[in-house]
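Asker: Since chain A is already given, all that's left is putting chains B and C on it; use the hints.
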Amino acid sequence: MNFVHIVAVISVLQFFYFGIMVGRARGKYGVAAPATSGHEMFDRAFRIQMNTLEQLVCFLPALFLSAVYWPDAIIAAIGAVYILGRFLYGAAYAKDPSKRGLGFVLSILPTFGLLGAAGVGALMG
Amino acid sequence: MNFVHIVAVISVLQFFYFGIMVGRARGKYGVAAPATSGHEMFDRAFRIQMNTLEQLVCFLPALFLSAVYWPDAIIAAIGAVYILGRFLYGAAYAKDPSKRGLGFVLSILPTFGLLGAAGVGALMG
Amino acid sequence: MNFVHIVAVISVLQFFYFGIMVGRARGKYGVAAPATSGHEMFDRAFRIQMNTLEQLVCFLPALFLSAVYWPDAIIAAIGAVYILGRFLYGAAYAKDPSKRGLGFVLSILPTFGLLGAAGVGALMG
Numbered sequence: 044m045n046f047v048h049i050v051a052v053i054s055v056l057q058f059f060y061f062g063i064m065v066g067r068a069r070g071k072y073g074v075a076a077p078a079t080s081g082h083e084m085f086d087r088a089f090r091i092q093m094n095t096l097e098q099l100v101c102f103l104p105a106l107f108l109s110a111v112y113w114p115d116a117i118i119a120a121i122g123a124v125y126i127l128g129r130f131l132y133g134a135a136y137a138k139d140p141s142k143r144g145l146g147f148v149l150s151i152l153p154t155f156g157l158l159g160a161a162g163v164g165a166l167m168g
Numbered sequence: 044m045n046f047v048h049i050v051a052v053i054s055v056l057q058f059f060y061f062g063i064m065v066g067r068a069r070g071k072y073g074v075a076a077p078a079t080s081g082h083e084m085f086d087r088a089f090r091i092q093m094n095t096l097e098q099l100v101c102f103l104p105a106l107f108l109s110a111v112y113w114p115d116a117i118i119a120a121i122g123a124v125y126i127l128g129r130f131l132y133g134a135a136y137a138k139d140p141s142k143r144g145l146g147f148v149l150s151i152l153p154t155f156g157l158l159g160a161a162g163v164g165a166l167m168g
Numbered sequence: 044m045n046f047v048h049i050v051a052v053i054s055v056l057q058f059f060y061f062g063i064m065v066g067r068a069r070g071k072y073g074v075a076a077p078a079t080s081g082h083e084m085f086d087r088a089f090r091i092q093m094n095t096l097e098q099l100v101c102f103l104p105a106l107f108l109s110a111v112y113w114p115d116a117i118i119a120a121i122g123a124v125y126i127l128g129r130f131l132y133g134a135a136y137a138k139d140p141s142k143r144g145l146g147f148v149l150s151i152l153p154t155f156g157l158l159g160a161a162g163v164g165a166l167m168g
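Protein chains in written order, with our numbering: chain A, 44 to 168; chain B, 44 to 168; chain C, 44 to 168.
Just chain A, same shape as in the assembly (with noise of 0.2 angstroms):
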């Protein structure tokens, strides 16, 4: 099993799932393409996708990078560690958008720490 990779399959699979949530908030607050503001509920769910786009641009290189040089284990799981806290962001805004803190501290360190492990390994290797 490569565990790198399985969490790189799962962290785009969530960005999807909140994709999915904006199609879905389109039909529920009846804002219609190519509108991308329109009711508050709406813009919270684009938000959440669009923050997690911005989010996963910057993971999945910091994922990749830091695995060339660090144990696959080790880097799966700080990984996970991101998905987690993407969910947390993405139920926390939706909920209240100045709740949303936690979730995103969770998922931009450990970013910061594979991009850290990334700079570190290509500097020695």
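Please note that a few of the clues may not be correct.
Covered stretches of chain B, as calculated for chain C (at least 3 residues, CB under 8 angstroms) [as the list claims (entries may be wrong)]:
#1 53–66
#2 70–79
#3 99–105
Calculated from the structure, these hints are not laboratory results.
All of these numbers come straight from a predicted model, not from anything done at the bench.
For every residue, glycine included, the Cβ atom is placed at its ideal position computed from N, Cα and C.
Answerer: Chains B and C alone, transformed into the frame defined by chain A:
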């Protein structure tokens, strides 16, 4: 020839193309930066680009991860369907956002297939 | 030292930096989440981040794919021009969106060059 890499390069060029269309729509419909809406036709071009960004961030990891475990030619062929689907999506959306369904499905299904292939490969490998 | 990986890590950190600027602009100009506009200066910070997101999604695959076929040092040097161009882009855009051209070109040309190098490599390799 590395077919998977060629598909990856074309998918990035396609995204660039949609970006150029947004730039042209800025001029044509008088939507100056940093605004991202103001004219229905600009909004469509912008949403085509943004949705392709969302898709590309899923497609490329799915393409590269699945190619680790499965034959290049098969993975590249599935990837080519994604590119075709995206062009259909863009062409249909620009004419009528409500007609974007077929192209959307033809680009999201290949990505799901590749993600599944990557997941199975990572679990077995 | 793996110069290509170091460039990749810095390009992701640069994107994080632009994201932090958006967060600061939220507070400074009173644009609470989930809104993504409401003050010209916030809009500029947000567009710098979003445009860099679009560019990064093209730059990283171009960087990694071209490095498969060409010498690390050359690819990393071209990648460094992208990073410089992005900083110019961000600094210019924040002051005056109409002056963003030079930085934009200096970050998009390296990506095109790397994509071309990747394409040629994939066709020859």
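Asker: Can you take a look at whether the segment 53–66 of chain B is actually covered by chain C? Rule is 3+ residues, C-beta closer than 8 angstroms.
Answerer: holds (count 5)
Asker: Quick check: do three or more residues in the segment 99–105 of chain B have a beta carbon closer than 8 angstroms to a beta carbon of chain C?
Answerer: Check passed, 3 qualifying residues.
Asker: Closer than 8 angstroms Cβ to Cβ for three or more residues is the test here. Does the segment 70–79 of chain B pass it with chain C?
Answerer: holds (count 5)
Checked against the numbered hints given earlier, the structure satisfies every one of them.
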